[in-house]
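Could you slot chain S onto chain Z? The hints should help.
Protein chains in written order, with the numbering used here: chain Z, 1 to 419; chain S, 1001 to 1382.
Rather than coming from a laboratory, the hints here were simulated on the basis of the structure.
Treat the numbers as computed from the prediction; the structure is a model and nothing was measured.
There could be a bad hint or two in this list.
[Said to hold, decoys possible] For lysine to aspartate or glutamate, the following DMTMM-like pairs were computed, each having C-alpha atoms within a straight-line distance of at most 20 angstroms:
no.	chain 1	residue 1	chain 2	residue 2
1	S	1092	Z	144
2	Z	123	Z	357
3	Z	123	S	1195
4	S	1198	Z	144
5	Z	163	Z	367
6	S	1092	Z	412
7	Z	123	S	1318
[Said to hold, decoys possible] Counterexamples of contact, computed for chain S against chain Z with all Cβ distances above 10 angstroms:
no.	residue
8	1018
9	1021
10	1062
11	1214
12	1219
13	1224
14	1241
Even glycine gets a Cβ: it sits at the ideal position worked out from N, Cα and C.
Residue strings, one per chain:
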Amino acid sequence: MSDEIKRGLQSPLRRKLLMGAAALPAMALLPRLAFGAGPPTAAVNTTGLAVTDTEVTVGILHSATGTMAISETGSIQAEKLAIEQINAMGGVLGRKIKVIQEDGASDWPTFAEKAKKLLVNDKVASIMGCWTSASRKAVLPVMEQYNGMLYYPTFYEGLEQSKNVIYTGQEATQQILAGIDWITKEKNAKSFYFIGSDYIWPRTSNKIARKHIENFLKLKVVGEEYFPLGHTQFNSVINKLKLTKPDVIFTDVVGGSNVAFYKQLKAAGIDLAKQTLLTISVTEDEIDGIGGENIAGAYACMKYFQSLKNENNEKFVAAFKKMWGDKTVIGDVTQAAYLGPWLWKATVEKAGSFDVDKVAAASPGIEFKGAPEGYVRIHENHHLWSKTRVGKAKLDGQFDMVFETADLIQPDPFPKGYQ
Amino acid sequence: MIINSRFFNRSELIGFVALAALLFVILPLSLDVFRLNLVAKYLTYAFVGIGLVLCWGYGGILSLGQGVFFGLGGYCMAMFLKLEASSPENTKIQSTPGIPDFMDWNQITSLPLFWQPFHSLTLTILAIILVPGLFALIIGTAMFKRRVGGTYFAIITQAVAAILTILIVGQQGYTGGINGMTDLRTLKGWDIRPDHAKVMLYFFEVFLLFGCILLAQFIRLTKLGRILVAMREQEDRVRFSGYSVANFKIFAFCMAAIFAAIGGAMFALNVGFMSPSFVGIVPSIEMVIYTAVGGRMSIFGAVWGSLLVNFAKTGLSESFPQLWLFGLGGLFIAVVLAFPNGLSGIWADHVQPRIDRLMTWRKPKPAKAWTDSSVADGAPAE
Chain Z
1 MSDEIKRGLQ SPLRRKLLMG AAALPAMALL PRLAFGAGPP TAAVNTTGLA VTDTEVTVGI
61 LHSATGTMAI SETGSIQAEK LAIEQINAMG GVLGRKIKVI QEDGASDWPT FAEKAKKLLV
121 NDKVASIMGC WTSASRKAVL PVMEQYNGML YYPTFYEGLE QSKNVIYTGQ EATQQILAGI
181 DWITKEKNAK SFYFIGSDYI WPRTSNKIAR KHIENFLKLK VVGEEYFPLG HTQFNSVINK
241 LKLTKPDVIF TDVVGGSNVA FYKQLKAAGI DLAKQTLLTI SVTEDEIDGI GGENIAGAYA
301 CMKYFQSLKN ENNEKFVAAF KKMWGDKTVI GDVTQAAYLG PWLWKATVEK AGSFDVDKVA
361 AASPGIEFKG APEGYVRIHE NHHLWSKTRV GKAKLDGQFD MVFETADLIQ PDPFPKGYQ
Chain S
1001 MIINSRFFNR SELIGFVALA ALLFVILPLS LDVFRLNLVA KYLTYAFVGI GLVLCWGYGG
1061 ILSLGQGVFF GLGGYCMAMF LKLEASSPEN TKIQSTPGIP DFMDWNQITS LPLFWQPFHS
1121 LTLTILAIIL VPGLFALIIG TAMFKRRVGG TYFAIITQAV AAILTILIVG QQGYTGGING
1181 MTDLRTLKGW DIRPDHAKVM LYFFEVFLLF GCILLAQFIR LTKLGRILVA MREQEDRVRF
1241 SGYSVANFKI FAFCMAAIFA AIGGAMFALN VGFMSPSFVG IVPSIEMVIY TAVGGRMSIF
1301 GAVWGSLLVN FAKTGLSESF PQLWLFGLGG LFIAVVLAFP NGLSGIWADH VQPRIDRLMT
1361 WRKPKPAKAW TDSSVADGAP AE
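Same shape as in the complex, but just chain Z (with noise of 0.2 angstroms):
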């Protein structure tokens, strides 16, 4: 029998195990396991959410079909992951976590309609969910109108702040800044040149990136285009950087336009081992549909990659593996939607409470310190102080960690002079 048969035995099995322990009363013999052990219902939840005394029900809201599904399944996956790690050790405040999942179909107004039917009908506890910033900007009126908990894992523009929201993903000076400190020292760079997706992270990505070129470091920007989603011809823009030659090409192309632009890139005899590029949008999930050789030597500027050297992460890429199948890759979203859960059953902990207004009043200092990217921390203003990490890719598709910030950053979602 190979291994991925055994896997594929083993898996569900193992999860049927455990939920048919959760309702054995052979727990008894594990009292810490059991279910409905917790403080009383009446105590943890005055605001009427779905809580029992057995169980407390959140939802999941990504996108499991539509163009969008490709990028937020692993968030999904990793969301579901942390869920059943959590209630193997006992759940939150004695009670076992039930998932509803909806499905937002890569469809703005659709995510909206199914964030308030989990609010409104399902009454859960909180969400985990949305991905594209068009999709939090569309849920985010819904959670502050119906007092919702939303846990978003994606790196965004920043620009945004609401205490219905904890960003578990950097915001932009976060994730951009130290990055490019570092590329200018390590390759002496003096131009840069922008390309980006035509939407509101690429612009205001590129505007603090630019701001911090021409300001602070007293660099040049030569030259910055934008191309609608889904793009794929990009001769024109590859003919520009043939002339302008600029030392760093800074991207933030997202979706499927990564791959027609690293192919045409490399197909114009720009080699991406002399030419420097740094890009904040392809994790490793884009590569698996670039191509590891298409995009070899680029250096990707995030909090995360899969090949970090540390236990937390050994263990959390194991056990995703061995749950989700061997080929699976983890992006540095994935490891932000996994954190979710985990910071949501500390905060609530520690509010000892499910009410939203409780858990959000209580969200500021929560520590996991078994996050798979390292110590996070939550800021008031609800975003997470985390590390940057410059990698460099490699021909299987892995990132190689070449730079790392020293201390954890603090977020600064409306940042004054990047404005």
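Below, chain S without anything else, positioned relative to chain Z:
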């Protein structure tokens, strides 16, 4: 018995009463506010469907770009609501308070000129009707006067839908880009988000919908409606009889555009949201599918089609988040293969003859009515 002498014939009257009962009584009584708000969202597509019945079902002009007009109407409404939500107090965190948040993110420091009229509700309502109407007039005149029709016209409407999407996405400082306009809050100080407002908006929308149904029925019954049908069947004969075919086509297309725009405006009000994902090619084709499922020859069919397809969409996606699209696709294929005239075709072929027979048994009719129903009895579907 001359059917056309009455505004509704008997079967249409049954359809009208059934729909009115469903929308005014049954749904509001049986659904909670959340689901009722979803129905309000589905019904916004019914406006588009009614327009498509006029222009495609009767006039034979297939437009695959109704999302353009739905979007224009929706954006006009959303711009008004967004301006109201962007009062200086609400936006004092921005570098330029008083303008919509997405403009501030894009370094725009004053409200662009074309946004100014949307401070006024009256001008906004005019814009909802006139902007799409004029746009349809321009496209229609350019196409139909040159006798561009059929497939070519459908392709051009698709192109327009694609162009408008790219325009909206590209000009994000002025339009909100791919995110669209979110976080719409009040209409003239009246909060559109709480439950009681949702119920009011629902009833307002249903009233508007019935207004549009009656208007469409009126157009159908006038000479104009009959010319449209004649045009669909034999365009050249109508032209040779001395009618200006182009003008009639332009009229039908403009009416469809205006209906779609009203739907779009209601969408922005009910959902509190407008984005380019309702403008492009895919939503435009979806709107045609709703009409096809309902039956493109039936005004009521368009409403039923929008309701049922969207109910199926929500229901399937809630129960099977990973697989629902396949189920929905299968449903469309089944409907088109088995019932090419849509739901209204099923009704006309299977249900209506039985009702007719029941009615005629109870009340003996003159001989002519008997021959009518015997024709129906001989229909292949029996």
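Hint by hint, here is what the structure shows:
no.	hint	verdict
1	1092(S) - 144(Z)	holds, 18 angstroms
2	123(Z) - 357(Z)	holds, 14 angstroms
3	123(Z) - 1195(S)	holds, 16 angstroms
4	1198(S) - 144(Z)	holds, 17 angstroms
5	163(Z) - 367(Z)	holds, 18 angstroms
6	1092(S) - 412(Z)	holds, 18 angstroms
7	123(Z) - 1318(S)	holds, 15 angstroms
8	1018	holds, 27 angstroms
9	1021	holds, 26 angstroms
10	1062	holds, 25 angstroms
11	1214	holds, 29 angstroms
12	1219	holds, 31 angstroms
13	1224	holds, 36 angstroms
14	1241	holds, 47 angstroms
When the structure is compared with the earlier hints, no violation turns up for any of them.
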